[in-house]
Amino acid sequence: MKRSLADFAKIIRSKNAGPTLLTIDILFNTDEEFVLGLSSLTPNFVCQRYGCEIADLEIIPYQTALAIKIVLRRKIIAGSPGDRDVYGSQQHGPLLGILV
Amino acid sequence: MSALERLLKLREQNPGPLRILSASGQLGFGIPKKSFERGIKSKPHVIAADMGSVDPGPTYLATDKIAAPEVLVRSDMRLVLHGAQQLGVPLLIGSAGTAGADVHLDVVLKILKEIAVEDKLHFKLGIIRSVISHDLVEHSLVNQKLKPIGPIDLDENTLKQTEVIVGQAGMGPFERALKLGADVIIAGRACDTAPFAVIPKMLGFPTGVAVHMAKILECTSLCCEPGGRDAMLATFDGDSFTVESMNEAMHATPTSVAAHALYEQSDPYFIHEPDGRACLKHAKYEAIDERRVKISGATWQAADKPWIKIEGARKLGSRAVMLAGNADINFIKQSKNIINKVEEVVRELIPFSEWSLNIRHYGIDGVTEWPEPPVNLPREIFLLCECIAENSEKAKLVLATFRQQLLHFGFPGRSATGGNLAFPITPPELDAGEAFTFSIYHLLELDDWSALEQLFPVTIEKIGDQT
Numbered sequence: 000m001k002r003s004l005a006d007f008a009k010i011i012r013s014k015n016a017g018p019t020l021l022t023i024d025i026l027f028n029t030d031e032e033f034v035l036g037l038s039s040l041t042p043n044f045v046c047q048r049y050g051c052e053i054a055d056l057e058i059i060p061y062q063t064a065l066a067i068k069i070v071l072r073r074k075i076i077a078g079s080p081g082d083r084d085v086y087g088s089q090q091h092g093p094l095l096g097i098l099v
Numbered sequence: 000m001s002a003l004e005r006l007l008k009l010r011e012q013n014p015g016p017l018r019i020l021s022a023s024g025q026l027g028f029g030i031p032k033k034s035f036e037r038g039i040k041s042k043p044h045v046i047a048a049d050m051g052s053v054d055p056g057p058t059y060l061a062t063d064k065i066a067a068p069e070v071l072v073r074s075d076m077r078l079v080l081h082g083a084q085q086l087g088v089p090l091l092i093g094s095a096g097t098a099g100a101d102v103h104l105d106v107v108l109k110i111l112k113e114i115a116v117e118d119k120l121h122f123k124l125g126i127i128r129s130v131i132s133h134d135l136v137e138h139s140l141v142n143q144k145l146k147p148i149g150p151i152d153l154d155e156n157t158l159k160q161t162e163v164i165v166g167q168a169g170m171g172p173f174e175r176a177l178k179l180g181a182d183v184i185i186a187g188r189a190c191d192t193a194p195f196a197v198i199p200k201m202l203g204f205p206t207g208v209a210v211h212m213a214k215i216l217e218c219t220s221l222c223c224e225p226g227g228r229d230a231m232l233a234t235f236d237g238d239s240f241t242v243e244s245m246n247e248a249m250h251a252t253p254t255s256v257a258a259h260a261l262y263e264q265s266d267p268y269f270i271h272e273p274d275g276r277a278c279l280k281h282a283k284y285e286a287i288d289e290r291r292v293k294i295s296g297a298t299w300q301a302a303d304k305p306w307i308k309i310e311g312a313r314k315l316g317s318r319a320v321m322l323a324g325n326a327d328i329n330f331i332k333q334s335k336n337i338i339n340k341v342e343e344v345v346r347e348l349i350p351f352s353e354w355s356l357n358i359r360h361y362g363i364d365g366v367t368e369w370p371e372p373p374v375n376l377p378r379e380i381f382l383l384c385e386c387i388a389e390n391s392e393k394a395k396l397v398l399a400t401f402r403q404q405l406l407h408f409g410f411p412g413r414s415a416t417g418g419n420l421a422f423p424i425t426p427p428e429l430d431a432g433e434a435f436t437f438s439i440y441h442l443l444e445l446d447d448w449s450a451l452e453q454l455f456p457v458t459i460e461k462i463g464d465q466t
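From first to last, the protein sequence lines are chains D and C. When the letters of the first sequence are read in order and numbered with numbering that gives the first Met the number 0, they come out as residues 0 to 99. When the letters of the second sequence are read in order and numbered with numbering that gives the first Met the number 0, they come out as residues 0 to 466.
This is chain D alone, in the form it adopts within the complex:
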C-alpha cells in the first residue's frame, strides 16, 4: 500500500543554500524508508512537482544521515521582486502529500 511521504519521513524541510539555490532535505528513520524514498523521488518526479527542468535540479543521497538532498536552481533570486519566500523555508509543500 502506498503511504504519504509526510507520514513517515522524519524531516521534510526546505531552505536557501545561498540566494540562487534552494535545498530540500528529506530525512528518514530507517534504511528501508530511505531506500523507498530514494526510489520514489526520481528526477522526473521532482521536476514535475516543482515545474522545473531536469538540468535545474540535483538529487543527492546522503546515507550517513538517512537523507535525500534535492538542490533546485531558484527561478527568482532570493529577495528579488516576485520572490515568494526570501529564506526558502516553505518550499517543501509540494512533496508533503506525495504517495510512495
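Don't read these hints as lab results, they were simulated from the structure. Predicted model only: the values in this text are computed from it and were never measured. Watch out, some of these pointers could steer you wrong.
[As the list claims (entries may be wrong)] Restraint-style ranges between C-beta atoms, simulated for each label pair: (1) C:T157 x D:K1: 44 to 50 Å; (2) C:A326 x D:K1: 32 to 38 Å; (3) D:E52 x C:E4: 53 to 59 Å; (4) C:A421 x D:S38: 46 to 52 Å.
[To be verified] Reference listing, derived: stretches of chain C covered by chain D, where coverage requires no fewer than 3 residues with Cβ under 8 Å from a Cβ of chain D: (5) 52–63; (6) 135–144; (7) 171–177; (8) 349–360; (9) 365–374.
[As the list claims (entries may be wrong)] With a cut-off of at most 20 Å between alpha-carbon atoms, the simulated SDA-like pairs for lysine to any residue come out as follows: (10) C:K332 x C:H360; (11) C:K314 x D:P80; (12) C:K280 x D:G81; (13) D:K74 x C:E385; (14) C:K335 x C:R346; (15) C:K178 x C:K64; (16) D:K74 x C:G365; (17) D:K9 x C:E263; (18) C:K393 x D:G81; (19) C:K280 x C:W299; (20) C:K314 x C:T62; (21) C:K64 x C:K8; (22) D:K74 x C:L140; (23) D:K9 x C:E224; (24) C:K8 x C:M201; (25) C:K159 x C:L140; (26) D:K74 x C:H360; (27) C:K293 x D:Q62.
Quick reminder that beta carbons are idealized off the backbone N, C-alpha and C, glycines included.
Start from chain D and add chain C according to the hints.
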C-alpha cells in the same frame, strides 16, 4: 601578552584537549545567558560567534541596515566580551552587522568600543575588512575569473549598478590578526566557519576536521534534538572532537549532527573554503552518551589557487505594495485571468512604461508554485500586489490604478457588482522602500595567495589604556 601568546604558552605546559565555545550563530538576536555561562564555566580556550548571513536578502547588503536589533547586538556583545576577558581567551566574530560591508562593520565596532569605555575593558582589537573593489571584479569578469554560483548573470552594466561587493574572508585573515596580537577580532563578511576553525588549525589539529567542527558549531545548538540557539562546546582531542550543547535539555546525537551537515548546504559532502575544501565522505559520528557525539574522519583537500565567494547587490527602483482580499468564488475561480486582463488595461492607462507588477494569490499559490491548482478552491484569497517603479510615487500610482480597475472589473459570471476587493486598510497602497536584487553571488579566482592579504586588510587598535 596577547590572547594567542597566552594560549600557546598554556598549551606548551599542558597540550591537552582544546575547547572551543560557540556563543552564537546570529550574534545580536539574543544569546541564552544560562547556557553561555555554563559554557564559560567549562573554561574554553576560544570563544567564537557568527553574526551575519546572505539569507535576509539583498537590502541589507545594499544599504546600511543591520538585521539584528541594536539593543540585542549591544547586550550580546557585552556578554561575549566579558566572557572572553574573564578567561583571557581570544574572541572571534565573523560577518559583523549581517551583510558585513564596511558600513555594517563600523556600526558593530562603534557598539563594541562604547561597551569597552563604559565597562573599562582593555584589549587589542583586530579588524578585518571585506569590501571588494569594483575594479577587481571587473578585471576578473573580463578575464573569466568569475564563476556564478547557481543561476545569476553578471555583466559590466549590472556590475556598475552594484552598490557594494563583499568577499567572504577565510581563516587566513583571522590568523593574521591573531599573529598581530589581536585579543578580539571583528570581521566584516567572513566564511561562517572561519572564526571557529582558525585556532584549531593554527595549533596543528587536522584542517579538514577543524572545518567540519566549525560547520557544526557555527549554528550553536541547531544540530541537537531539540535544536536551539544555546551555546555549544566542541572539545578537540587529537584527530577527533566532541560536541555538546550547553543546554542540558538539548541532545546532540549522531543522526542529528550528521543531518546538520546538510543544512543550508548544496553539497553534503564538501565544505568549501577559500584555501581548499573539507571532504566529509568518511566522516564518522559516534555517540559518547545521550547528549554528546564524537566526530572524526573529515579530510582536507588544499586548493591550488584561492577562490573567494563574493556577494553584491544593486538597486532596481522603489517598491510599493497593495493589500486586498476576496471572498467570491466566481472571482477566485478566475483570479489569474482577471489579474492578467486588468494588468493589460493598466498598461494602456499609465503614461510611463518602466514598471513591473507581481501578484501573489495567497490561498492558491502565494507561498510556492504548486504543480496543480488546489483540489478544492479556498473560500477566501488574499492578494499581495507588488509594484517596482522608478520612485515610490510612480509605484503607488500604478498600484492605485490597478486597484481601481480591479475593484470594478466586469469579468464573465460576475454577480457582485459592488466591487471585487476587500481592503483591510486604507489607503491600501503602502510604500515598501527601495527594491534590490543580488547582482553578484560568484566565486572569484585569485592568481596567488598574497592577493588575499590585500583583499582582506587587517588593522589592530588598542582599546582602553593598555600598556
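Notebook entry, point to check: Hints broken by the structure, by number, lowest first?
Noted result: 6, 7, 12, 15, 21 and 22
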